[in-house]
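Protein chains: 2
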Amino acid sequence: MTAAHRPRRGRPPRGAPQLSRDAIAEAALKLIDVDGTDAVSMRSVARVLGVDAKSLYNHVADKDDLLDAVAEQLLGSMRLPEPVGDVRADLLGIGHAFRRRALEHPRAAPLVLTRQLASFEGLAPVEATLNILRAAGCPTSEAVHLLRGLVATLTGTLLREVQAGPTYGTADAAGIARRRAALEHSGLARVAEAAAELARFDSTAEYDFTLDLILDAVTARLAAYRNDDGAGQTERLSETPQG
Amino acid sequence: MTAAHRPRRGRPPRGAPQLSRDAIAEAALKLIDVDGTDAVSMRSVARVLGVDAKSLYNHVADKDDLLDAVAEQLLGSMRLPEPVGDVRADLLGIGHAFRRRALEHPRAAPLVLTRQLASFEGLAPVEATLNILRAAGCPTSEAVHLLRGLVATLTGTLLREVQAGPTYGTADAAGIARRRAALEHSGLARVAEAAAELARFDSTAEYDFTLDLILDAVTARLAAYRNDDGAGQTERLSETPQG
DNA sequence: ACCTGAACACCGTTCAAGT
DNA sequence: ACCTGAACACCGTTCAAGT
Numbered sequence: 001m002t003a004a005h006r007p008r009r010g011r012p013p014r015g016a017p018q019l020s021r022d023a024i025a026e027a028a029l030k031l032i033d034v035d036g037t038d039a040v041s042m043r044s045v046a047r048v049l050g051v052d053a054k055s056l057y058n059h060v061a062d063k064d065d066l067l068d069a070v071a072e073q074l075l076g077s078m079r080l081p082e083p084v085g086d087v088r089a090d091l092l093g094i095g096h097a098f099r100r101r102a103l104e105h106p107r108a109a110p111l112v113l114t115r116q117l118a119s120f121e122g123l124a125p126v127e128a129t130l131n132i133l134r135a136a137g138c139p140t141s142e143a144v145h146l147l148r149g150l151v152a153t154l155t156g157t158l159l160r161e162v163q164a165g166p167t168y169g170t171a172d173a174a175g176i177a178r179r180r181a182a183l184e185h186s187g188l189a190r191v192a193e194a195a196a197e198l199a200r201f202d203s204t205a206e207y208d209f210t211l212d213l214i215l216d217a218v219t220a221r222l223a224a225y226r227n228d229d230g231a232g233q234t235e236r237l238s239e240t241p242q243g
Numbered sequence: 001m002t003a004a005h006r007p008r009r010g011r012p013p014r015g016a017p018q019l020s021r022d023a024i025a026e027a028a029l030k031l032i033d034v035d036g037t038d039a040v041s042m043r044s045v046a047r048v049l050g051v052d053a054k055s056l057y058n059h060v061a062d063k064d065d066l067l068d069a070v071a072e073q074l075l076g077s078m079r080l081p082e083p084v085g086d087v088r089a090d091l092l093g094i095g096h097a098f099r100r101r102a103l104e105h106p107r108a109a110p111l112v113l114t115r116q117l118a119s120f121e122g123l124a125p126v127e128a129t130l131n132i133l134r135a136a137g138c139p140t141s142e143a144v145h146l147l148r149g150l151v152a153t154l155t156g157t158l159l160r161e162v163q164a165g166p167t168y169g170t171a172d173a174a175g176i177a178r179r180r181a182a183l184e185h186s187g188l189a190r191v192a193e194a195a196a197e198l199a200r201f202d203s204t205a206e207y208d209f210t211l212d213l214i215l216d217a218v219t220a221r222l223a224a225y226r227n228d229d230g231a232g233q234t235e236r237l238s239e240t241p242q243g
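Here the protein sequences line up with chains V and P, keeping their order. All residue numbers for the first sequence refer to the working numbering, where the first residue is 1 and numbers rise by one. All residue numbers for the second sequence refer to the working numbering, where the first residue is 1 and numbers rise by one.
I should point out that these hints are in silico values taken from the structure, not numbers from a laboratory. All the given hints hold, so there is nothing to weed out.
The list treats identical chains as one, so a pair stands whether inside a single copy or across any two.
Straight line, CA to CA, 25 Å or less: simulated SDA-like cross-link-like pairs of lysine to any residue: (1) K30 with R115; (2) K30 with L49; (3) K30 with L103; (4) K63 with R115; (5) K63 with Y168; (6) K63 with G76; (7) K63 with R43.
Model the full assembly from the supplied sequences, consistent with the hints where possible.
This is the structure:
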């Protein structure tokens with residue numbers, strides 16, 4: 001056995017893939033896309049990178065931090081549509097951008113939707129949303145509450161969609177029939193009555209419905225704030241807004 | 001060493017805690033409440049029950065099924081308030097019941113909010129919600145969509161709350177000041193402007209705001225369906241409803 | 001500065017063997 | 001029917017030692 005055949009030691013000679021937080025996140029994402037979050041281990045990620053598992057600790061604090069890195073990368077690289085000046089259309093645009101992103105990496109999406117990210121990777125969507133709400137005449141404090149309501153609704157909707165997976169969709173006729181039968185025999189009157197509707201799930205239609213629902217509420221609030229013109233608020237607008 | 005001091009073999013002699021899916025779920029919940037979901041392992045749960053880890057496989061299929069059992073137990077034992085006949089108040093009641101439950105076991109809540117439960121443990125809240133919506137004159141199909149919108153919003157809101165934990169609350173003045181400063185220097189105009197509001201988080205106020213927001217939308221839809229009187233719908237109501 | 005060998009204290013799960 | 005011993009193929013992470 002020559003030296004070349006023995007496992008390397010020290011820094012890689014040359015041409016070896018540079019290890020970095022981003023490269024590690026990318027390798028982990030690749031594993032998640034194929035085999036799910038459970039397939040991520042320090043060892044499996046290292047294997048993808050052709051490196052020893054312990055080397056990762058030079059770039060991420062621990063496994064949790066590695067998963068944060070994946071979530072940050074997904075959230076940070078998200079592209080938002082240009083606002084057109086209509087509140088409803090612009091918020092809808094952000095909502096759809098989120099969904100598009102989530103569906104590009106459905107198995108990684110729960111990471112983004114579920115983790116409490118301490119970094120500032122996710123601030124671009126926040127800025128965009130606040131901008132739309134503020135331009136529509138919403139005081140800062142209310143804008144933050146509405147933002148949080150929107151985020152919660154998007155989170156819940158997307159989380160359900162990506163976790164339901166392709167099995168709970170509209171395609172699997174046999175599964176739908178089975179669920180429907182079970183619901184009809186649940187002994188619960190309303191559930192039985194709605195069995196046909198409960199058994200099937202069109203995720204796009206459901207997403208659009210829920211987004212429409214919450215945007216009804218948001219735009220109604222915006223109209224109310226505009227009529228009030230901030231009465232009783234400490235926050236004031238410096239100029240008459242509206243895009 | 002006498003026989004009594006050697007580890008047992010075969011079924012426990014007597015008085016030993018009966019192993020069961022419920023007992024296992026309960027033991028796991030105890031661990032989660034104290035040390036979080038990560039503290040759950042087949043071995044740690046078995047230790048709580050004074051039993052070998054492999055014995056658990058006689059009552060749960062695997063670790064995933066064990067966690068499902070915890071989620072089912074939490075969801076199944078939830079008590080819902082009696083409806084009073086007012087849609088908004090009754091839906092609010094269900095929302096608050098969910099939150100109360102989640103806050104009783106904050107570290108276990110993500111399990112319930114996140115898992116795709118195949119069992120029928122969670123149907124009671126579904127029945128209750130459908131009943132409220134149907135009694136208010138909502139056709140079955142729309143009722144299911146509204147139900148899903150409500151669930152998504154509650155899920156997203158509660159998930160954020162339990163995951164934020166006590167550190168991201170209103171109590172930690174130093175943390176708020178730190179976050180605020182960071183947001184002010186983010187380089188994003190709207191984020192900086194709203195830094196004070198973004199840095200703090202009153203979970204009860206936020207929950208109430210979001211629930212209020214979505215209920216505005218739901219009640220507006222109900223009013224619209226009532227005026228339409230189901231025009232263009234295949235679903236019809238057998239009697240004039242409204243509680 | 002970045003990598004690895006050796007090592008530690010864990011995991012989930014199978015399967016045959018006990019009672 | 002329900003339990004365990006022995007065993008397998010894994011984990012995350014530390015720390016000293018290499019280059």
